[in-house]
Each structure stands twice: as C-alpha cells, then as structure tokens.
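Asks: Residue numbers (the working numbering): 14 to 479.
Quick caveat, the hints were computed from the structure, so don't treat them as lab data.
All values derive from a computational prediction rather than experimental measurement.
Among the hints, a few may not be true.
[As the list claims (entries may be wrong)] Below, in silico cross-link-like pairs of lysine-lysine (BS3-like), each with a Cα-Cα straight-line distance of 25 Å or less: (1) Lys320 / Lys454; (2) Lys417 / Lys437; (3) Lys284 / Lys454; (4) Lys320 / Lys284; (5) Lys454 / Lys276; (6) Lys284 / Lys437; (7) Lys124 / Lys320.
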Amino acid sequence: MDVESFDTALLRTTIGRALRRGGDFAEVFVEDRESLGLRLEDGRIEQTSGGRESGAAVRLLAGERTYYAYSDAVDEAGLTAAADAVAAAVSSGADGVSIVDLGAVFSAPEKHPVLTPPAEVGAADKAALVRAGDEAARSVSGEIVQAVIGYGDTRQRVLIANSLGDLVYDDRTRTRFTAQVVARRGDVIQTGHEAVGGSAGLELVDEEGARGVARTAADKARTMLDSRPAPVGAMPVVLGNGFGGTLFHEACGHGLEADAVAKGASIYAGKMGAVVAAPIVSAYDEGSITNGWGSQAFDDEGVPTQKTLVIEEGRLAGYLYDRLRAREAGAAPTGNGRRQSYRHIPIPRMTTTYIAPGRSTPEEIIAATRRGFYAKSLAGGQVEPASGNFVFGVAEGYLIEDGKITAPLRGATLVGNGIDILMKIDMIAGDFEVKTGICGKDGQGVPVGTGQATLRIAEMTVGGTG
Numbered sequence: 014m015d016v017e018s019f020d021t022a023l024l025r026t027t028i029g030r031a032l033r034r035g036g037d038f039a040e041v042f043v044e045d046r047e048s049l050g051l052r053l054e055d056g057r058i059e060q061t062s063g064g065r066e067s068g069a070a071v072r073l074l075a076g077e078r079t080y081y082a083y084s085d086a087v088d089e090a091g092l093t094a095a096a097d098a099v100a101a102a103v104s105s106g107a108d109g110v111s112i113v114d115l116g117a118v119f120s121a122p123e124k125h126p127v128l129t130p131p132a133e134v135g136a137a138d139k140a141a142l143v144r145a146g147d148e149a150a151r152s153v154s155g156e157i158v159q160a161v162i163g164y165g166d167t168r169q170r171v172l173i174a175n176s177l178g179d180l181v182y183d184d185r186t187r188t189r190f191t192a193q194v195v196a197r198r199g200d201v202i203q204t205g206h207e208a209v210g211g212s213a214g215l216e217l218v219d220e221e222g223a224r225g226v227a228r229t230a231a232d233k234a235r236t237m238l239d240s241r242p243a244p245v246g247a248m249p250v251v252l253g254n255g256f257g258g259t260l261f262h263e264a265c266g267h268g269l270e271a272d273a274v275a276k277g278a279s280i281y282a283g284k285m286g287a288v289v290a291a292p293i294v295s296a297y298d299e300g301s302i303t304n305g306w307g308s309q310a311f312d313d314e315g316v317p318t319q320k321t322l323v324i325e326e327g328r329l330a331g332y333l334y335d336r337l338r339a340r341e342a343g344a345a346p347t348g349n350g351r352r353q354s355y356r357h358i359p360i361p362r363m364t365t366t367y368i369a370p371g372r373s374t375p376e377e378i379i380a381a382t383r384r385g386f387y388a389k390s391l392a393g394g395q396v397e398p399a400s401g402n403f404v405f406g407v408a409e410g411y412l413i414e415d416g417k418i419t420a421p422l423r424g425a426t427l428v429g430n431g432i433d434i435l436m437k438i439d440m441i442a443g444d445f446e447v448k449t450g451i452c453g454k455d456g457q458g459v460p461v462g463t464g465q466a467t468l469r470i471a472e473m474t475v476g477g478t479g
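Full structure from sequences and hints, please.
Replies: Next comes the structure, spelled out in structure tokens:
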C-alpha cells in the first residue's frame, strides 16, 4: 500500500463523517508496517515476527471523551465503518457533514537517514548476524550455558489527517540487535544483557558489531559469577551511564506523562516550578535525536517531536503531552502522543528521557566515594507513580571501597522515592550514553531510549542478602 499518496478525498470524507453528529476534533491514522524478527536459542533460529500488515483508525474527541474505531481494511468501506462507529457513539444530536480542507502532505526533512534499508538485505544475512552473536558469546567462557540472540527490523509508514487540516506523512525504520547470555558455575547462575538499536538500517550493526554486543553480554554474565551477596543498608549509590537511566525513566518519567498528572496519579501533579531535584539536575525528553531508537519525525498524532525540558536546575519545568491532555490543560502538545499501532489509542508516552550530563568524570565520582555501591546496569522493578516509591533490581553491581570499584555483588535491589533520589544527586559526569528498550503502558509497547551519564546519589537504600 502506498501510504504517502493515499486518497486525500477519502480522508476528508472520513473526517466529515466522524464529525457529523458532533465532536471537537477528528483524526484518521493510516498505517502500513513491514517487520522481521529473528531469535536464536540453543543453536536454533526461529522467526518471531514477520510479514506486512496495514490498517486505519478513526478517533473523535468530544469534550473529555474519546471515541475510537479501527479497520484492518484500508479502503472506503473500512474507513466509512470506523467513522460511522465513532459518530454513532456521540450523543450531541447534531447532524450533518463537516467539510475539512486538508493541506498538502507534509513530511519532515530526512532526520533519520537509513543507509542500508533492511528490505534490501536478505533473511540469510540477518540470520548470519544472530549466528555470529551466538558464536561470540559462547567463545567467551566455557561457563556460558545459554545465549539468546535477537534481531529485529521494522519499517512503519503512517499518514495522519485531522480536522485541523493537518496532513502528515512519516516513514520510520528501526533496527535492533540484542543478546541475553546465561553463565553458570555450580549452583550460581548469572545473566548478562546488551543491546543496540536505532532509527536506522543495517548500517547499525554488522557481523563484528553483533559479536561485540554478544561478547559484552557474556562478559557481564561471567563477571557476575565471581560476585558475592550485596550488602544491606543506606549508602552512596553510583549509577552507571546508559542503563542507569532506566531508574529515571521508570521512577520519575512516567509521573511526568500528562495523563498521570491529570488523574492526580503522579507525585509531580501540581508541582510546576517546585523544587523536585538537586540544583545540578536538568532533564529532558527528546523525540528528535538523530537516528535515536525512541525518535521519529512526528508523534502518532502528527505533532513534530521535540526536545522538552522537564526539570531545569532542580525545578519542575514541564510535562509530556498528547493532544487531548494538552487541550484539557491549556498547553501545547509536546510530540508525545504515541501508539503501538493503528489498533491502539494514542496516549502520552516518553521518547528518549534522560538526565543531562554534568562536569565531573566517572573516575572523580568513584574516587570521591569512600564506601558505596556501583550499579552499572539495572534490571526490572516496580514503581508507584502516585507516590514515587520504587524497588529496582540490579543486573550488574559492584562494591566501592576506598574510592575504588572492587568486588562484584549479586542480589542487590535499590529502594527509594523518585523525588527523594533526585534531590540527593550530588555529582554527575559527562560520559552521557543512551540505551534502548521497549516501554509498556496500558497494554501498549513502544520503543524508548533511556539515558544519563554516570552520577552519584549521596544516600540510598540498598537491599541485599549480605
């Protein structure tokens, strides 16, 4: 399906039909998606996803209510049925067809260049990448007992039209390579994970790059076999760059999404301008980073993505808005209206969320810590957005003694409160890095980046078994 040259007359008619019984705003979202996913485990490759799917959705906003319908058939019958479904759900009683004058199709200049389109690379070559990763992981040590290597690429083309007259086309390609490796020594079992991804093509990872990702994951798993139980108590905690940003994303970022704020389910509700972090902390959500995994030219409502300042020198400076919550709050949308596919309603979501780098070096931070805990990378966790309280597992952690990183530690958890830990950040390095992930919310998964430089929290509770 040629999304870019889709029938604009049909889009106009669909928007008009959706609005004929009332409503404040109508939108049509057309999507065409091609994807391939490969997974190698125990020497066998399986295709986890693949093929092509298309569909369209019609959304109608009436006051604070949202009406949504989608069709797997992208034709006049499918769009008409979806428009009639949302119109029938509106009870204002008005009738008649609204005429919408759509502008010319707008697509942004090429922000995320794709040098090697995945469609131009055969499945056999992609399979060779995961085999190379598997071989590299197992070559690290005889204690590597399992390697799960994944490859995925997606090309998503969307066309978004609305009753404001906007008509936006966005062509999005994403590629990702992952490795999860398990090492075992006796009864001790440890895992290591590494990934690379971006809004890019196969130039992102070649066979040597695949080997590097897998070796890194294997090295983590092997190193943690030498770990001892983590200590328990309050102590300085140094978060590593890249994956350490997961803590800010989960413990703080979700509370900045405007739907949580509007419901009063966020600790940041009503705190605009208030001190929520140490003065050295500034933070952003940025959906426009060139070739970033969480980046795209427009969000899924046709709003250009941007760099949004959420914390400025310790003070709350902004929330992350979609169109609906921006309208309710009298604010401008920030390009954070995202959806997993045409089957899902857009909601406020992070893109790439990070704490800005500082002026220290990682070496200075470690040297300034007499005794503490170094969390190089984090695992999963639980967060309560309304209170900001969280518990996170640590995937890779080390003891800091006399200003030096010493013994690896296992079984550690980090326990705290989002605002409390932000207030206790006292050193930030300049080694900024972004890592990739898939963020789940309300049954939808979208690609996101999490980032930060190495930083120190002056005091934090570490849970462990030592």
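Asks: Work down the list of hints and note, for each, if the structure agrees.
Replies: To see whether the hints hold, each was checked on the structure:
1. The suggested pairing of Lys320 with Lys454 holds, with an alpha-carbon distance near 22 Å, which does not exceed 25 Å.
2. Restraint check: the Cα-Cα separation between Lys417 and Lys437 comes to about 21 Å, which is no more than 25 Å; the hinted pair holds.
3. Note on Lys284 and Lys454: the hinted pairing holds, with a Cα-Cα distance of about 23 Å set against a maximum of 25 Å.
4. Simply put, Lys320 and Lys284 have alpha-carbon atoms about 21 Å apart, close enough for the 25 Å limit, and the pair holds.
5. Restraint check for Lys454 and Lys276: satisfied, since their Cα atoms lie roughly 15 Å apart, inside the 25 Å limit.
6. Between the alpha carbons of Lys284 and Lys437 the distance comes to roughly 18 Å, so the proposed pair stays at or under 25 Å and holds.
7. Taking the CA atoms of Lys124 and Lys320, the gap is near 14 Å; set against the 25 Å cutoff, the hint holds.
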